[in-house]
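**Student:** Listed below are the residues making up each chain.
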Amino acid sequence: MNREADVVRSLVEMADTLVNDYDVVDLLTGLTDRCVSLLGVSAAGVMLASPAGTLGLVASSSEAMRLLELFELQAQEGPCLDAFRTGERVEHEILAAGSGRWPSFAAAALQAGFRSALALPLRLRDLTIGAMNLLSTTRTPMDEADIIVARAFADLAALSIIQHQAAAEAQRLNEQLSAALTSRVVIEQAKGIISERAGIQLDKAFSRLRVHARNNNLRLTDVAQAAIDGTLDPRAWVATQP
Amino acid sequence: MAQDRFHRILAELSAADGAWPAARLCAVCPRVLGVNGAGIMLMSGDIPRGSLGTTDEVSQLIEDLQYTLGEGPCVDAYQQDEVVAEPDLAKPVIRRWLAFTPPALRGGARAVFAFPLRIGTVRLGALDFYRDRPGPLSDEQHADALVVASVAARWVLEAQAGAPPGTVPEELEASADFHFVVHNAAGMVSVQQDISVTDALIRLRAYAFTHDRPLTEVAQDVVDRRLRLE
Chain L
0 MNREADVVRS LVEMADTLVN DYDVVDLLTG LTDRCVSLLG VSAAGVMLAS
50 PAGTLGLVAS SSEAMRLLEL FELQAQEGPC LDAFRTGERV EHEILAAGSG
100 RWPSFAAAAL QAGFRSALAL PLRLRDLTIG AMNLLSTTRT PMDEADIIVA
150 RAFADLAALS IIQHQAAAEA QRLNEQLSAA LTSRVVIEQA KGIISERAGI
200 QLDKAFSRLR VHARNNNLRL TDVAQAAIDG TLDPRAWVAT QP
Chain U
0 MAQDRFHRIL AELSAADGAW PAARLCAVCP RVLGVNGAGI MLMSGDIPRG
50 SLGTTDEVSQ LIEDLQYTLG EGPCVDAYQQ DEVVAEPDLA KPVIRRWLAF
100 TPPALRGGAR AVFAFPLRIG TVRLGALDFY RDRPGPLSDE QHADALVVAS
150 VAARWVLEAQ AGAPPGTVPE ELEASADFHF VVHNAAGMVS VQQDISVTDA
200 LIRLRAYAFT HDRPLTEVAQ DVVDRRLRLE
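Chains as they are written, first to last, in numbering that gives the first Met the number 0: chain L, 0 to 241; chain U, 0 to 229.
One or more hints might be untrue.
What the hints assert, rightly or not - Sample of chain L residues lacking proximity to chain U, with all beta carbon distances greater than 10 Å (derived): (1) Ala4; (2) Glu12; (3) Asp22; (4) Asp25; (5) Gly39; (6) Leu54; (7) Ala63; (8) Arg88; (9) Glu90; (10) His91; (11) Glu92; (12) Ile128; (13) Thr137; (14) Ile147.
Claimed, not checked - Quick list of the computed label-pair ranges, beta carbon to beta carbon: (15) L/Asn216 with U/Gln79: 39 to 47 Å; (16) U/Glu157 with L/Asp25: 25 to 33 Å; (17) U/Arg7 with L/Ala167: 28 to 36 Å; (18) L/Asp22 with U/Glu157: 25 to 33 Å; (19) L/Thr53 with U/Glu157: 22 to 30 Å; (20) L/Ala144 with U/Asp3: 29 to 37 Å; (21) L/Ala51 with U/Gly106: 51 to 59 Å; (22) L/Asp25 with U/Asp198: 44 to 52 Å; (23) L/Ser103 with U/Arg7: 52 to 60 Å; (24) L/Asp221 with U/Arg7: 47 to 55 Å; (25) U/Asp3 with L/Leu126: 21 to 29 Å; (26) U/Arg153 with L/Gly86: 23 to 31 Å.
Keep in mind the hints are simulated off the structure, nothing from the lab. For clarity, every value in this text was computed on a predicted model and none was experimentally measured. Note that beta-carbon positions come from the ideal geometry of N, C-alpha and C, so glycine has one too.
Can you build the whole structure from these sequences, using the hints too?
**Tutor:** Written out as structure tokens, the structure reads:
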């Protein structure tokens, strides 16, 4: 098997997600799977920060890894959390129950069959959006070359996620603008209808629509739509009390 | 290189006259892009919603024609999501815009170009330019135009981000012409002729087209009760 070609193919596949629509969980699950199949780690898992800044589990290469990461979040100690907090790589560490950097995490990891761990931040320039755990069932440190590939995976994943968030936000804002314009159009059309039916000026028609909406506890857009559909109570355009 | 271009255009923008960003965006186009005028058209649901700004009478006419007719460079750039170039309206490479082209030529536009306003896959409208003489944009001008279009798209979304949900941002309302009078008129015509508002809009457009007048002007006459469609 040609490992280099596999790595390049993986990078190209991930780069594709930058231009295509994709699912974040899918992308990150793919990332953990690739780390296991290409980089000689036993398990990988990714956590992402919520808008409030707390980490949540997003993807794991195995069930044992998922449980261990849940434990890490609960115990609030472990390699992923450190990588996220510092924004820096957490160096390879041989796990020893009850001692070292993460006494509780190490105990749980050993029980799940892991012997060593390292973690990488998911980072774009100064912004850290999450982190990735890489665990091994041996005590042998990962090859530096493998770590470089893992970093490239993590950086690409971070970039895609940030772009995805920006795109989703842009989509939301554009839909909001479009909806606001549509609702204005409906109201302007209704003003024309009421103005003609009641033989009054447009501004007067508008205030009658508003009064009717307020008195009947209806949304202005709904009243306007009813005027267009011809289902509006004719009393709405007759002069009434303010 | 791309970064330099971006900074240069931002510098032009901050130096340009015009109270509203949209007006400034259009105003820098003639000098930066070597064109005579520019306009920004906001679109959604495949139809022109309104003009965010124009630099002169010809660009105003180009926007009005597209709004009235529903065809033209901006409409194509938005719908096809790609740059549209017609370096010579009098001898077009592709015969399109059969209703748009004659009045645009008479009005003084000889070459027209439109760049989609978009961020990622989100499409907002298009930026258009015209020249009073035929000829294509240079590669440099083309690249600059992409930057201006991208700044314009970001500005629109930023304005929306600052607006309460459900409302049109004040900055847009103040600088844009959303042709609301056309919808007032459609409402009135629908009652006068006992037809749907959609059909009333079609009748107004048809009237404007056959009388060679801007839709907005026709609509204003209906609202002011100077005109009653038969």
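**Student:** Compare the structure with each hint and give your call.
**Tutor:** Verification of the supplied hints:
{"no.": "1", "hint": "Ala4", "in the structure": "holds (30 Å)"}
{"no.": "2", "hint": "Glu12", "in the structure": "holds (19 Å)"}
{"no.": "3", "hint": "Asp22", "in the structure": "holds (15 Å)"}
{"no.": "4", "hint": "Asp25", "in the structure": "holds (18 Å)"}
{"no.": "5", "hint": "Gly39", "in the structure": "holds (36 Å)"}
{"no.": "6", "hint": "Leu54", "in the structure": "holds (26 Å)"}
{"no.": "7", "hint": "Ala63", "in the structure": "holds (37 Å)"}
{"no.": "8", "hint": "Arg88", "in the structure": "holds (28 Å)"}
{"no.": "9", "hint": "Glu90", "in the structure": "holds (35 Å)"}
{"no.": "10", "hint": "His91", "in the structure": "holds (37 Å)"}
{"no.": "11", "hint": "Glu92", "in the structure": "holds (39 Å)"}
{"no.": "12", "hint": "Ile128", "in the structure": "holds (18 Å)"}
{"no.": "13", "hint": "Thr137", "in the structure": "holds (43 Å)"}
{"no.": "14", "hint": "Ile147", "in the structure": "holds (27 Å)"}
{"no.": "15", "hint": "L/Asn216 with U/Gln79: 39 to 47 Å", "in the structure": "holds (45 Å)"}
{"no.": "16", "hint": "U/Glu157 with L/Asp25: 25 to 33 Å", "in the structure": "holds (30 Å)"}
{"no.": "17", "hint": "U/Arg7 with L/Ala167: 28 to 36 Å", "in the structure": "holds (31 Å)"}
{"no.": "18", "hint": "L/Asp22 with U/Glu157: 25 to 33 Å", "in the structure": "holds (27 Å)"}
{"no.": "19", "hint": "L/Thr53 with U/Glu157: 22 to 30 Å", "in the structure": "holds (28 Å)"}
{"no.": "20", "hint": "L/Ala144 with U/Asp3: 29 to 37 Å", "in the structure": "holds (36 Å)"}
{"no.": "21", "hint": "L/Ala51 with U/Gly106: 51 to 59 Å", "in the structure": "holds (55 Å)"}
{"no.": "22", "hint": "L/Asp25 with U/Asp198: 44 to 52 Å", "in the structure": "holds (46 Å)"}
{"no.": "23", "hint": "L/Ser103 with U/Arg7: 52 to 60 Å", "in the structure": "holds (56 Å)"}
{"no.": "24", "hint": "L/Asp221 with U/Arg7: 47 to 55 Å", "in the structure": "holds (49 Å)"}
{"no.": "25", "hint": "U/Asp3 with L/Leu126: 21 to 29 Å", "in the structure": "holds (24 Å)"}
{"no.": "26", "hint": "U/Arg153 with L/Gly86: 23 to 31 Å", "in the structure": "holds (27 Å)"}
The structure agrees with every numbered hint stated previously.
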